[in-house]
Every structure is written in structure tokens, then in C-alpha cells.
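These protein sequences, in sequence, are chains A and B.
317 is the number that UniProt numbering gives the last residue of the first sequence; the numbers go up by one with no jumps.
317 is the number that UniProt numbering gives the last residue of the second sequence; the numbers go up by one with no jumps.
In case anyone wonders, no lab produced these hints; they're calculated from the structure.
Some clues are possibly wrong.
[Unchecked claim] Simulated restraints on C-beta separations: (1) A/E304 with B/R284: 56 to 62 Å; (2) A/I308 with B/D277: 51 to 57 Å; (3) B/H290 with A/I308: 47 to 53 Å; (4) B/H290 with A/N9: 48 to 54 Å; (5) B/R284 with A/G216: 47 to 53 Å; (6) B/H15 with A/N146: 50 to 56 Å; (7) A/F138 with B/N101: 52 to 58 Å; (8) A/K191 with B/K191: 22 to 28 Å; (9) B/N101 with A/N60: 25 to 31 Å; (10) B/K310 with A/G241: 29 to 35 Å.
From the three backbone atoms N, C-alpha and C, an ideal C-beta is built for every residue, glycine too.
Residue strings, one per chain:
There are 2 protein chains.
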Amino acid sequence: MDMIKNIINGIQKNHNFLLTTHLSPDGDALGSIIALGLALEKLNKKVDYYIDPSIPEKFNFLPKIQNLSCNVLDKQYEIGIILDCGDINHLYDRTILKKCNTIINIDHHINNQNYGNMNYINSKAGATGEIIYEIIEFLGVELDHNISKALYTAIVTDTGNFKYSNVTSKTHYIVSELLRIPIDAWKINKKLFDEYPRSKIFLVKRAIDNLQFLLGGRLAIIVITQDDLKDIGCSPKEIEGIINIARNIIGVEVAILLKETASNEFKISFRSNEYVDVGEIALRLGGGGHSRASGCIMHGNRDEIISILKGIVEKKL
Amino acid sequence: MDMIKNIINGIQKNHNFLLTTHLSPDGDALGSIIALGLALEKLNKKVDYYIDPSIPEKFNFLPKIQNLSCNVLDKQYEIGIILDCGDINHLYDRTILKKCNTIINIDHHINNQNYGNMNYINSKAGATGEIIYEIIEFLGVELDHNISKALYTAIVTDTGNFKYSNVTSKTHYIVSELLRIPIDAWKINKKLFDEYPRSKIFLVKRAIDNLQFLLGGRLAIIVITQDDLKDIGCSPKEIEGIINIARNIIGVEVAILLKETASNEFKISFRSNEYVDVGEIALRLGGGGHSRASGCIMHGNRDEIISILKGIVEKKL
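Only chain A is shown next, with the shape it has when bound in the complex (with noise of 0.2 Å):
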């Protein structure tokens, strides 16, 4: 606690802000960085915005999305706060440390390697979004409709639409009181989970065309070639969340995505279910993550890459 009155201290007495976060943010970057940047704003701070401008484009509801990429060139800031990103590496552009007098590192991340001149790390934290919730009202800052749209985003994504077993009493806490302001939550779901393009569908049937079953149905492999996207017209990005059609048969126990990335080149994702750590198996090919979902690369045909992965769990089940 002591270190968040600090952080509240600094941000109080100094007047110039960049904000930041990681490449390829997500709902919980955006969200927290949007609404600290406009709780900041409210008390009359100058505060640039410095984000990869590769967001997807079911974010562009989010107020201030068009205006998050600043040139930072020739510019120093006061304070520099880094908002989500636990490892510095994946920091969108690392030349801002030095363009910073002060860096606050602002987290959930377990593994946050406090990099920041102040850190505050809270890893029972669903969302950083919750975090940043804490601050705006250390800082006296009201929530207003953009900040609590900007927060909800934040945690609904992070926690898997309150599904994930990071969410905790005060998660809902922070969301009932964000509600307090008529902000359509309903319609931020709908879009951030709901929708989709024509070719997912088309993707979700080919992936299940591609489904197999292994050791008793306790392993399920789905593979999605690069003709596969090229037929159906998808981006890769589109196969996000498709290992869970695997997942979540009954039965399964572990599911693995075999994604086609060149010639003979697979990402390969693993999840979990109940108790086979498959961030042990990752680890061991090169990859890592944590024991309930996992990733790495493979190099290989996709016969002999199944073979090799199907030996492996087999011993873990």
C-alpha cells in the first residue's frame, strides 16, 4: 500500500505523462491505459498516449482509440507509466525509458520483472484494469461514462468475460460500481465476445473438420494449415480461441493446436484441463507458458509433429 500512495505522490506532483504498454495490446492495455490517461486528464495533466497501432479493430468503440499513438521524438516526460506489461522486452518501444525521468511499471503479472524506478505489482489483480480502478480513486478522480467503458473493457477481457479463475469478489466489486454509470455493458460483450466475421464460422468447421482424437479421446489435435486459411479467406488472427472447440469436449484432457506458420514450420498451443501441466511440455520443446495453456514451435511434418506430441502426453495421462 505504501507503494501505491507513493506512485499516487508522484503522479500528483509532476505534471508531464506518457503512457505506455506492451506490443499488440490488448482490451486490458487499452482499457487501463485509456482510462488513467483520462482520469490524469481531469486533473488538468498533459498526457501523451503511446501505443502499437496495431489494435483489432473490435476495439474501436473504446473513446480516444483514434489518438493513441503519439510521436515521441525530441520529447521528454516527466513520468513514463507502463500499464500491463510484465517483461520489459515486450514493451511497444524500449527508447521511451530513456525519454522518461521517472518510469512507474503498473502490473498484474506475476512474473513483472519490475523494471519501473516505482513498481506496483499486484498479481491478485484480474485486470491491470483493476489496479488502475484503485488509482483513479486514490486519486479522487470520479468515474465518468469513458472511464468506466474504458475499465470494463479491461477486465472483461482479462478475465475471459468473468470466466476465468483469475476473477475474485472484488472484480465484481470494481464492475458493480462501474455499472453505476449506464454504460451498456452488455453491448461492449457482444462485441468484444460475440461477434465475428463470415470465414470464423468457416474456420470453426474446418477446425472440426481437422479434429482428432487421440489416447482414448483424452487428446484432442486440431491442425489448420496455411491452405486452410487461404481457402476460407482468414487471417491467422482469427484462429484464436479455436483450441477451445478441442478443449472443452468432455473427455478431453488435453487439447493441442498444430498452426502452420511456413513449410514444415508449426506454433504449436497446448491447454489443459484438469491436472496434465502442459507448460512442463512446452518448456521442454523449446516453448513456455503455464501449466493450463502453453506454446511452442515445431519444426517438421505435421504427422511426425502429432506422433512426437502424442508420446509425450501419453506419458502425462
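Once you've looked at the hints, dock chain B against the given chain A.
Chain B alone, transformed into the frame defined by chain A:
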């Protein structure tokens, strides 16, 4: 608020209770009844549960779920509490109306018929479970693991996992209170929303195979025949949710599902996204429902029916 106090009073001064709900109980009905029943038992009341035994397997994790079907023959109760049942014709068994000296009707459906001796209807509640939370609080019963689990289930099912427009600040506030008790909400959530038998996946594939886009992609239709179900080895119940495959596609305003129930007989479901009042369409065809979700029965062959529906929808777009 007076009515809720009368009800609390009625509960406090009586001893013998029968709790019941509508036919084919859903998560809100089950969770509400179990939570209220457990609370009454904590107050040393005698509680009988009387529920349509056709309970979907996914609710098996709920406390008391195996003990909800009692024999009410030759019994008489001081109080019968009917939960989550707007229409008395949907009550599991109307004979109980004579077996209870007083009927308390607690519900959140806006069109509730006020058929009880005491009626507490709050259509602003996202689930009957939200009302039961309040009643338990009024009764002064502390939440415990089983009550929290039951109420979480009630609320999460009737709000579509916090997605629907019936979710309010209060919904999240109540859930934040429930989650003060460690109930592994994510496991309940997974069981209710993210687990399906293998056959469901093949039904999804068949639905996509059968998907038709009409009227420039603004109308999407899925047909599921009895042969489809037979081929796949699916029960008709698994069709639940399939219509959303069509509804969620960007550009679709109206989604229609034709479920063949007999030769030349189809159960038709309608969904819309933004502006078409599908309640009106269903009503005109002898069915009913809401402006964004409705249904009816139609007779004829599928192509004729599709052609009729296309004509009706075209005028509304």
C-alpha cells in the same frame, strides 16, 4: 419493499414449507430454490423441495440436487413458495396450490401473473437468484459455501454469464458478496458454459454446413432435421445455443433456426441483433417471445417455410 417485509414475516412465523418452480427447471430456478431452502433449513424450518426431475446433468454439482423431488401426496404445507415462475401454467404441478395454506410467488419475469397470496416480483433483477440473495439477507442467514454456489449458479445462468442486458450494478455487487466465500466460481462457470459432449461439436459442424445466408447476408438460417440428429447421435436438447452461430456473424440482423420436430413440422426460433422485432414476427405466426428472441411452430416443407420467412423478414429489414 413492504411486500418483501410481509414475505419475510410470513417466512419467520411459519414452520412448514414447500418450495417449487416451473417445468424443466433451469439454473436460476434450481439455484434459487436450493439457496432459499438451505437458508430456511438453517432457521430450523421444515422444507420440502418439489421439482420436475428432468434436470440437466450439468447441474449435478449443486448441493441437494439429488433430493429435490419429494412426494407431496397427502401432505399439507403452511407456506408454498413458487420461485422463478411467471406463468402459473408453467408450474411443475398445479395441485400444490391446494396443498399450501399460503402461496408466496417470487420472481423476476416482467409478465408474472401475480398468482400468489403474496407476490414479490422484481423485473429489474437479472435472475430470481438476485432476489433470493436479498431475502436471505433480510432473514439474517449468513451465506455459506452451498448457498453461495447455488446463488452464483442462479445468477450466472440467467444472465448468460453476465452477458445479457439484464445485468446491473447490483448483479455484480451480489456476486462480489457471494465470492467472498471461496467457491471456485470458474469451475462452476466452466461446467455450465464450456463443457459439451463430442456430439455437440459435430452438431455445430452440421449447423454450419446447413447455414444459408439470404437477403444480402442480413438473414441467416440454420436447419436441423431429425435425420441430422440421428446421424450425429445428438439429443434435441443439444440444439440449445446453436442459433447463436448465425446470430453472431457480423452483418446478420435476423437469425432463424428451423428444428424439425416431426415430418413437415418445424419449431422455429428467431433472434435479432439491432432493430428487427422478431417477437412481432413470431406472434403473427402463432408463437411469441421478446423483440430479440422469439419462437413459433410451422408446418410444411422446409423450402416453403424458408421462403415464407424470407418474405416476412425482408419487409422488416
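Of the hints given before, which are not true for this structure? Those not satisfied come down to hint 9.
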